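Generate the whole structure from the sequences, applying the supplied hints.
Just so you know, we're using the working numbering here: the sequence shown kicks off at 429 and counts up by one.
Read the hints as simulated data drawn from the structure, not as lab findings. None of the values given here were measured: they were computed from a predicted structure. What you were told as hints is all true, and nothing was included just to trick you.
Beta-carbon label-pair distances, calculated as ranges:
id, residue 1, residue 2, range
1, S446, S586, 21 to 27 Å
2, V647, R625, 28 to 34 Å
3, L598, V503, 18 to 24 Å
4, A646, S476, 42 to 48 Å
5, S586, L451, 24 to 30 Å
6, K442, S586, 19 to 25 Å
7, A438, L459, 27 to 33 Å
Where a beta carbon is used, it is the ideal one built from N, C-alpha and C, also for glycine.
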Amino acid sequence: MTPSRVAFAAILGKDLRSELRTLQSLPAMALFSVTTFVIFRFGLDRTSLSGSLAAGVLWATLLFAAVLGINRLFVAEREEGGFDAIRLAPIDRSALFAAKVAALLLHLLALELVAVPIFVIFFLDSAAALPPLIAVLLLADLGLAATGTLISSMAVNSRARDLLVPLVLLPLAVPLMIAATGATEPLMALGGPGYHRFGTWLMVLGLYDLIFALVGYAVFDFLLED
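See the structure below:
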């Protein structure tokens, strides 16, 4: 294996072990999601949602839950000297970016293993939308992981990190959320899953993922120096 691949595996393994030991991010993200679904359930006074409303509730909840994990993505590197170690190591620094994207992606997938079934129980009459929804979740998670990692690396050394991350991330995530909700809306139609423009929205998600993955890869070295 090349040094960069070894570094990628080491950083990713360290992040996953740290989360399993401390449980600092995932429980908070899951609890936020469940609490938000409960608020929507009683605030809207509806036991069943469909179409754009269902898609909006799902993606708004997942997005704001993801912000909790993104805020803490680089905290260990800042507090324990991880950035200095990466700068001194004879490896491609983009290995850190790739490892953090992978770690955040796994966090989001773990969150959705909890949040999406609860959403189905609370708001949907049928789970028929789940199989095609998996493709939307995967593409949206990848885009959110790439964008979130980029923004978190910029904000981690700021005293206003908790404020800066959502202020910068949310506007950048607007196209992602539009495409994700556009793809999800027909899946949750009253008459059962539909696929109107489903493929188009998936291509938009894929394009968003590609753009922010390339941008993050290109500029991460400069962000690490700063």
